[in-house]
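Trainee: These are the residues of each chain, in order.
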Amino acid sequence: MTSSSVTHPAARVSTGRIALWITLTTESVFFVTLLVAYAALRDEADWSLPHTFTRLLIPAVNTTILLVSAFMAGSAVRAVRHNDQTGLRNSLLRALLLGLVFVAGQVFEFNHAGLSIDDQAFGGVFFTLMGFHAVHVLAGVVFLALNLMRTNLGDFTSTHYEAVDLGVWFWYYVTLVWFVLFAALYLL
Amino acid sequence: MTAQAQSISRKQTLGSSGLLSWIMTVDHKRIGILYLVSAFIFFIIGGLEALLMRIQLAKPDNTFLGADTYNQVFTMHGTTMIFLVVMPLAAGFGNYLVPLLIGARDMAFPKLNALSYWTYLFGGIFMYSSFVYGGAPNDGWFSYAPLTEKMYSPTHGMDFWVMGILLLGLATTIGSINFIVTIIQLRAPGMSLTKLPLFVWTTFVTSFLAVFSLPSLTTAILLLLLDRQLGAHFYNTAQGGSALLWQHLFWFFGHPEVYILILPAMGIVSMVIPVFSSKPLFGYAAIVFSTIAIGFLGFTVWAHHMFATGMPTVSLLFFSADSFLIGVPTGVKIFAWLGTMWRGKLRFMSPMLFAIGFVALFLIGGLDGIHLAVVPVDWQITDSYYVVAHIHYVLFGGAIFGIFSGIYFWFPKMTGRILNEALGKWHFWIMFIGMNLVFMPMHVLGLEGMPRRIYTYGPGRGWEIWNYVETIGAFLIATSILIFIVNFFITILKAPQNDPDPWDGFTLEWTTSSPPPDYNFAEIPSVRSRRPLWDNKHPDLADWKKEEA
Ligand code: HEM
Ligand SMILES: [Cu+2]
Numbered sequence: 004m005t006s007s008s009v010t011h012p013a014a015r016v017s018t019g020r021i022a023l024w025i026t027l028t029t030e031s032v033f034f035v036t037l038l039v040a041y042a043a044l045r046d047e048a049d050w051s052l053p054h055t056f057t058r059l060l061i062p063a064v065n066t067t068i069l070l071v072s073a074f075m076a077g078s079a080v081r082a083v084r085h086n087d088q089t090g091l092r093n094s095l096l097r098a099l100l101l102g103l104v105f106v107a108g109q110v111f112e113f114n115h116a117g118l119s120i121d122d123q124a125f126g127g128v129f130f131t132l133m134g135f136h137a138v139h140v141l142a143g144v145v146f147l148a149l150n151l152m153r154t155n156l157g158d159f160t161s162t163h164y165e166a167v168d169l170g171v172w173f174w175y176y177v178t179l180v181w182f183v184l185f186a187a188l189y190l191l
Numbered sequence: 118m119t120a121q122a123q124s125i126s127r128k129q130t131l132g133s134s135g136l137l138s139w140i141m142t143v144d145h146k147r148i149g150i151l152y153l154v155s156a157f158i159f160f161i162i163g164g165l166e167a168l169l170m171r172i173q174l175a176k177p178d179n180t181f182l183g184a185d186t187y188n189q190v191f192t193m194h195g196t197t198m199i200f201l202v203v204m205p206l207a208a209g210f211g212n213y214l215v216p217l218l219i220g221a222r223d224m225a226f227p228k229l230n231a232l233s234y235w236t237y238l239f240g241g242i243f244m245y246s247s248f249v250y251g252g253a254p255n256d257g258w259f260s261y262a263p264l265t266e267k268m269y270s271p272t273h274g275m276d277f278w279v280m281g282i283l284l285l286g287l288a289t290t291i292g293s294i295n296f297i298v299t300i301i302q303l304r305a306p307g308m309s310l311t312k313l314p315l316f317v318w319t320t321f322v323t324s325f326l327a328v329f330s331l332p333s334l335t336t337a338i339l340l341l342l343l344d345r346q347l348g349a350h351f352y353n354t355a356q357g358g359s360a361l362l363w364q365h366l367f368w369f370f371g372h373p374e375v376y377i378l379i380l381p382a383m384g385i386v387s388m389v390i391p392v393f394s395s396k397p398l399f400g401y402a403a404i405v406f407s408t409i410a411i412g413f414l415g416f417t418v419w420a421h422h423m424f425a426t427g428m429p430t431v432s433l434l435f436f437s438a439d440s441f442l443i444g445v446p447t448g449v450k451i452f453a454w455l456g457t458m459w460r461g462k463l464r465f466m467s468p469m470l471f472a473i474g475f476v477a478l479f480l481i482g483g484l485d486g487i488h489l490a491v492v493p494v495d496w497q498i499t500d501s502y503y504v505v506a507h508i509h510y511v512l513f514g515g516a517i518f519g520i521f522s523g524i525y526f527w528f529p530k531m532t533g534r535i536l537n538e539a540l541g542k543w544h545f546w547i548m549f550i551g552m553n554l555v556f557m558p559m560h561v562l563g564l565e566g567m568p569r570r571i572y573t574y575g576p577g578r579g580w581e582i583w584n585y586v587e588t589i590g591a592f593l594i595a596t597s598i599l600i601f602i603v604n605f606f607i608t609i610l611k612a613p614q615n616d617p618d619p620w621d622g623f624t625l626e627w628t629t630s631s632p633p634p635d636y637n638f639a640e641i642p643s644v645r646s647r648r649p650l651w652d653n654k655h656p657d658l659a660d661w662k663k664e665e666a
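For the record, the sequence lines run as chains F and D. Quick note: the first sequence, position 104, residue 107 per our numbering, numbers continuous. Quick note: the second sequence, position 360, residue 477 per our numbering, numbers continuous.
Misleading hints may appear alongside valid ones.
Stated by the list, open to error - Calculated lysine to any residue pairs in the SDA-like style (CA-CA distance at most 20 Å, straight line):
hint, chain 1, residue 1, chain 2, residue 2
1, D, LYS462, D, PRO619
2, D, LYS662, D, ALA402
3, D, LYS542, D, ALA595
4, D, LYS228, F, THR26
5, D, LYS396, D, GLN346
6, D, LYS396, D, LYS176
7, D, LYS228, F, ALA166
8, D, LYS228, D, PHE239
9, D, LYS396, D, ALA453
10, D, LYS654, D, ASP621
11, D, LYS228, F, LEU149
12, D, LYS228, F, SER17
13, D, LYS542, D, PHE638
14, D, LYS267, F, ILE120
15, D, LYS228, D, LEU136
16, D, LYS396, D, TRP661
17, D, LYS267, D, GLN346
18, D, LYS267, F, ARG20
19, D, LYS228, F, ASP121
20, D, LYS176, D, ALA477
21, D, LYS542, D, THR608
I should point out that these hints are in silico values taken from the structure, not numbers from a laboratory.
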């Protein structure tokens, strides 16, 4: 997102950052609504499928992958602050690749969870929440990839790196949402 | 002509006024006008649907429309008026006015702005294409699941509704984020939040309402989509789904939505009434706070649409009391508008007439709302014509009158031409009388037990006379809209006067030429009070002297 208007000189927080915050707010309401719907449905009916999976292995591995990826994304910001272009490039690349591995892991999980979308209401809840999260991960990957491209064009310096920052914030957000979903769908 | 000369002259026509220039535009003023014009066309379509319904209901046992067609027509009427007319009309004013009112050159994200307009237009056209593809949606504007599940609504109509609403929700979300960022970031120096023109305030709060409430609608619709397309069971009680889930999700959006529809109109009349009373707005802070209060409270009353679903008594009590509470900030505003007019030098020109009409009719609609919030009363008259009376006093008497006030008020800014005053008065009075003829008797019909959404009724229940009167009223409203359209065309065909400030206005938009240049302000203005233009015109009596004192 780029702003073509002049930002008010006295404005402290950048326009892009405010836009990201508001976007994440509306996304969060969306996820919370889905979770509340899930809670309500669970409250109302007996799921005939066990909602705790015996195989926590794949989701646990996936969680680790995403966490490491978020850590990589964080080091991208540290690198650009020190104008370390190779560090920036490598961190973004690693975060992005790990993100893709996560999505692949999710696809594997979808096929092995022993569930389908029409298995009672729970199947629907599971695939909707997971599916939408996966879409967000892919959006985050695109965001990181755009930043990687701009890094290769030499667009970022230690004083000019807002897009990196915003992309990483989005990545943190995606990770955070994953933890909530993991807890809600597998652990509770 | 050589090929080169030809291409140059073509470029010139495309440059500033050709069709392509409108399609490619990212200028907030043009996008605003695109929104207004498109939404007005949908208003005519939605109005024609209303006329069809009124013709069908004019006599008992009428056969003008069949039951199935009637269902499609009322569903599309409600959906159109809410999603394709009132919301985009407000977005149109917002786009046109917010940058001008805050002293900015454009919105924060001009390209996203264009994206939200085109998404809206596409969503609207898409939804209407359902008529050609085997039937329009027919389950009402709130499309309750499980009725909307494939088993009960097998045509493609619901699929069009689902996809259409998703697109329109997306358009509104993008637009709202843009408004919020613009209002936070691009205010002219000196324009603190306490000096923000009221219409900007209401757009601000409305945008937050949209950002927080639309995800709930999106969720409801996505789940329905998955049920219908992929065989999920969210709303299927036989498979662990819920029959009430849709209602909760929908109304958690639906009640904030009614404020999304009304707040912009409240913003408009809060700008019009002071100018035509030659006084500053009375109770600025009270209006701002009540707007914010409505924004918060609006999220807590949704279940008053569900009193008849069998809720625990505590819930009934809570949602009922809470709904009374939300009447308070609304009442505060009515007093502020009356207080502004009190002892003012009133000029009863078209914008002012529509603003006063707004206050009067909205008051009736609000009182109807309070009646409906009384649980035992609601049990008697829910799903009756009483509810139809309520929603039309607030939405037609409220939102549409407020929007016409804005159209008469800012038309000279947008086009450089003032709409004909005599025709404006005819428009107002015929619409005002027609509106009351249609919707006042609905109270009686509701109390007599006439259910909403029935395609016909038998004779001998005492309903004939009122239904007949209502149909006459509907044609009066149609006549008044025709007068407006005639007024529009004769005005637009005349030479412009280009008067920058025809009403002796108070706010920044009147400091620009009419219509304003592309960049709005050659120099970004700086602001010291709520009425910057008044200050310029009357340096001795400037507001900032009082406000800062
Ligand atoms: C004074 C504040 C208000 C109160 C207490 C109130 C209360 C209510 C109640 C209790 C209902 C449900 C009636 C039923 O279905 O049995 C209702 C319906 C409705 N209200 Fe209000 N209302 C208020 C203001 C408004 C405003 C400002 C608007 C819009 C601008 C509005 C628009 C609607 C609509 C569209 C419906 C009908 C929804 C439907 O069933 O199709 N209301 N209102
Ligand atoms: Cu409500």
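Trainee: Could you run down the list of hints and mark each one as holding or not?
Mentor: Cross-check of the supplied hints:
1. D:LYS462 / D:PRO619: holds, 17 Å
2. D:LYS662 / D:ALA402: Holds. LYS662 (chain D) to ALA402 (chain D) sits at ~18 Å (cutoff 20 Å).
3. D:LYS542 / D:ALA595: This hinted pair holds, its Cα atoms lying about 15 Å apart.
4. D:LYS228 / F:THR26: holds, 16 Å
5. D:LYS396 / D:GLN346: Distance ~58 Å between LYS396 (chain D) and GLN346 (chain D) Cα, so the pair is violated.
6. D:LYS396 / D:LYS176: Distance of about 49 Å is beyond 20 Å: violated.
7. D:LYS228 / F:ALA166: Roughly 18 Å between the alpha carbons, so the hint for LYS228 (chain D) and ALA166 (chain F) holds.
8. D:LYS228 / D:PHE239: holds, 16 Å
9. D:LYS396 / D:ALA453: holds, 12 Å
10. D:LYS654 / D:ASP621: holds, 9 Å
11. D:LYS228 / F:LEU149: holds, 19 Å
12. D:LYS228 / F:SER17: holds, 18 Å
13. D:LYS542 / D:PHE638: violated, 33 Å
14. D:LYS267 / F:ILE120: holds, 16 Å
15. D:LYS228 / D:LEU136: holds, 18 Å
16. D:LYS396 / D:TRP661: holds, 15 Å
17. D:LYS267 / D:GLN346: Holds - the C-alpha atoms of GLN346 (chain D) and LYS267 (chain D) are around 9 Å apart, at most 20 Å.
18. D:LYS267 / F:ARG20: Since the Cα atoms of LYS267 (chain D) and ARG20 (chain F) sit roughly 42 Å apart, the hinted pair is violated (cutoff 20 Å).
19. D:LYS228 / F:ASP121: violated, 40 Å
20. D:LYS176 / D:ALA477: Measuring from Cα to Cα gives roughly 30 Å; hence the hint is violated.
21. D:LYS542 / D:THR608: Between LYS542 (chain D) and THR608 (chain D) the Cα gap is close to 15 Å, so the pair holds against 20 Å.
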